[in-house]
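Novice: Starting from the structure of chain P, add chain B where the hints point.
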Amino acid sequence: MPPSKPRVALFVTCLVDLFRPSVGFAAVKLLEEAGCTVEVPRAQSCCGQPAYNSGDRRDAQAIARTVIAAFAGFDYVVAPSGSCAGMLKVHYPALFADDPATAAQARALAERSHELISFLVDVMKVERVGARYDGVATYHDSCSGLRELGVKTQPRKLLASVAGLTLKELRDCEVCCGFGGTFAVKYGDISDKIVAEKAEAIRESGADTLLAGDMGCLLNMAGKLERAGDRTKVRHVAEVLAGIAGPAIGEPGGDA
Amino acid sequence: MKATSRAFKSNARRALGDPQLQRAMTNLRSGFAARRAVAVSQLPEWEALREAAVAIKRHTLAHLDFYLEAFERRVVERGGAVHWCRDAAEANATVLAICRRLGARTVTKGKSMIGEEMGLNDYLEANGVAPVETDLGEYIIQIRHEPPSHIIAPAVHLVKEQIAQSFRETHRDLDPARQLKDARQMCDEARAVLRPRFLAADVGITGANFLVAETGSSIIVTNEGNGDLTQTLPKAHVVLASLEKVVPTLEDATTILRLLARSATGQEFSTYTTVSTGPRRPDDADGPGEYHVVLLDNGRSALLGGEFEDMLRCIRCAACLNHCPVYQAIGGQSYGWVYPGPMGAVLTPSLIGIEEAGHLPNASTFCGRCEEVCPMKIPLPKMMRHWREREFQRHLPPRPYRLGLAVWAFFARRPALYRPAADLAARLLGALGRARGRFRALPLAAGWTRTRDLPAPEGRSFMSLWAARRAARPAP
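Respectively, the protein sequence lines represent chains P and B.
If you read the first sequence in our numbering, its first letter stands for residue 51, the second for the next number, and so on.
If you read the second sequence in our numbering, its first letter stands for residue 213, the second for the next number, and so on.
Hints are computed from structural coordinates only; laboratory data are not their basis.
Possibly wrong hints are sitting among the right ones.
[To be verified] For each label pair, taking beta carbons as the anchor points, the in silico distance ranges come out as: (1) P:144 x B:637: 28 to 34 Å; (2) B:263 x P:125: 30 to 36 Å; (3) B:357 x P:149: 48 to 54 Å; (4) P:206 x B:499: 57 to 63 Å; (5) B:498 x P:144: 53 to 59 Å.
[As the list claims (entries may be wrong)] Selected chain B positions facing chain P (Cβ under 7 Å, derived; list incomplete): (6) 579; (7) 638; (8) 663.
All residues carry an ideal CB built from backbone N, CA and C; glycine is no exception.
So here's chain P without its partners, still in its complex pose:
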């Protein structure tokens, strides 16, 4: 059982920080509505995946150490991303396999770390949200959230409670969108082919809005749809659940 008013540290994630602060504010709103006290530790940048997945273990460890220190002492650590939460929860302990003292701290962090939507449903037992969104949405299951953390039913459960929203399932919703971090740039041609398939499935769904829980995937899919002249609105699922719906990802006129 969670404490009555748990202290939650928000791990903003570097892509939300840089590209879409709205998602961070949506996360804060959802967490506060669920009864959490939210704090945002200042000593955060990124979870370190770009280094970790490039084979740069030393920098990945250094970044992980700052995260472990900055996020100690909270009841929970929550990130609006399955990929970054998976890094904290699954990969940090593995990263310090040869350093038992830090590994213990990493495991302690891992135990308290969660992806936002699954945290709301599985830990805070949120059954519904009060938001409204008029549209037909489809949902892409981002790989790390799905396969490392088991994020699958939780977003669908909360989306079902959004007034005005119809959810249409996406064909091959569990197939990667082709983002893969630096892969999208290093192997741009291949990444593009994979996201082109995804864009085709999105069009087939007939939805006017595409939702997912990870900024990387969202930027990739939005970028592909926009290049193709497709008008599908692309949003982080937290924005819709929190009822924060400014311009969609890649739409003009975002006022910060």
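Specialist: Just chain B now, with coordinates in the frame of chain P:
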């Protein structure tokens, strides 16, 4: 086989622009993966079976010397021979020596990835022995002079029209006006062409899905029955197997067999599962006069006890290929050597070196689907990351990439510097991109923006907005 893995990027670009290959890959997507899902869903004990199979392989690998020697003793007891070969050159020489001793002019071959790894066909041809592939897919790529594109369906990158064309060019003695429209007609033609070859062959070469220590048997699974004809009719049956194929008992082999076909093609069992034990005995109706096992190491024993040991559990089902978004996009030949897809991305650098195969473990989105479907629970993404770590330690990634990463990491390690830098970037990119909402081109991001827009940031970093909000409205 000559590796072209260094040219992975240009191989992939060519594959992406090949409409026939892309059509073939679409068929693959809707075929194997869908059938596997059905087969697995019908087996409630699937997870328990996976655990059991992993335990069998772990145990065997921990006692590999013991089981290989036990296997050899049994083979010899049954009148066969085991040839221990350190590398492809030794294995090729061993096969050729057997062929020469028997005066062999043609050999038939069942499908064998070890044969591909050895480059056996080219070697035999260069030494005056004609190899004939008898697996339909292998036969097709042999007459097209192509390497395989898939470990169980070597011609999966081709469409029917290409195969019909190759048949017409190769089978010149057949009626040019004949129909070659559907798969049935092409199978019948291949069967008619191959039948006399089976009868004429002096030596039959197959691979092995399992070597069984308890009985000294080799086991192959096929769907065409070509393996049986290959190994029973000639004077000698030569089995090509890498050393991790050994399992302790027949019972162990059958446990893993329950996973194999389901993972591979979605069949409950392959059409033929053939157990071969030694040469023909005096009262046997048929069978080869000699039975040889060419046991290839080729770098595998060096993986024991290291971070790539788990790879030796692989049973070559190809589920990881069939479910890989990268493999589906570019096909198997792009990988440039024998083993494509996720299993190839881990195994190929172990066998031909990371300098040669450096792209392979990098060309993955780490989506994790390969590990999810792997019947042997091999942590493929984790091992690809291990390869990336070795490459990074040796400064193999391109210099601009390493430099970019170092600059980024310098800031990411120092949140106090990172915060203002991120806000500056958000302001700058936000101001530039706000009007359109996205970038059609951006310096240093050409890999992205050549084919996709890059959505513009909202204009401030979250951390700066949060700090401003806190300052204006102090926390209660």
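Novice: Minimum Cβ distance from residue 579 (chain B) to chain P below 7 Å?
Specialist: Where the cut-off is 7 Å and the nearest Cβ of chain P is about 4 Å from residue 579 (chain B), the hint holds.
Novice: With a cut-off of 7 Å, does the beta carbon of residue 663 (chain B) approach a beta carbon of chain P closely enough for the hint to hold?
Specialist: Holds, because the Cβ-Cβ distance from residue 663 (chain B) to chain P comes to roughly 4 Å (cut-off 7 Å).
Novice: When the nearest CB of chain P is found for residue 638 (chain B), is that gap smaller than 7 Å?
Specialist: At about 5 Å, which falls below the 7 Å cut-off, the nearest Cβ of chain P leaves the hint on residue 638 (chain B) intact, so it holds.
Novice: Okay, residue 206 (chain P) versus residue 499 (chain B) on CB: inside 57 to 63 Å?
Specialist: 59 Å, holds
Novice: In this structure, is the beta-carbon distance linking residue 498 (chain B) and residue 144 (chain P) contained in 53 to 59 Å?
Specialist: 54 Å, holds
Novice: Taking 48 to 54 Å as the hint, is the beta-carbon distance of residue 357 (chain B) and residue 149 (chain P) inside that range?
Specialist: The hinted range 48 to 54 Å holds for residue 357 (chain B) and residue 149 (chain P), with Cβ atoms some 52 Å apart.
Novice: CB of residue 263 (chain B) to CB of residue 125 (chain P), is that within 30 to 36 Å?
Specialist: 35 Å, holds
Novice: Should the hint that residue 144 (chain P) and residue 637 (chain B) are 28 to 34 Å apart at their CB atoms be regarded as holding?
Specialist: For residue 637 (chain B) against residue 144 (chain P), whose Cβ atoms are near 30 Å apart, the range 28 to 34 Å holds.
Comparing the model with each numbered hint stated earlier shows that all of them hold.
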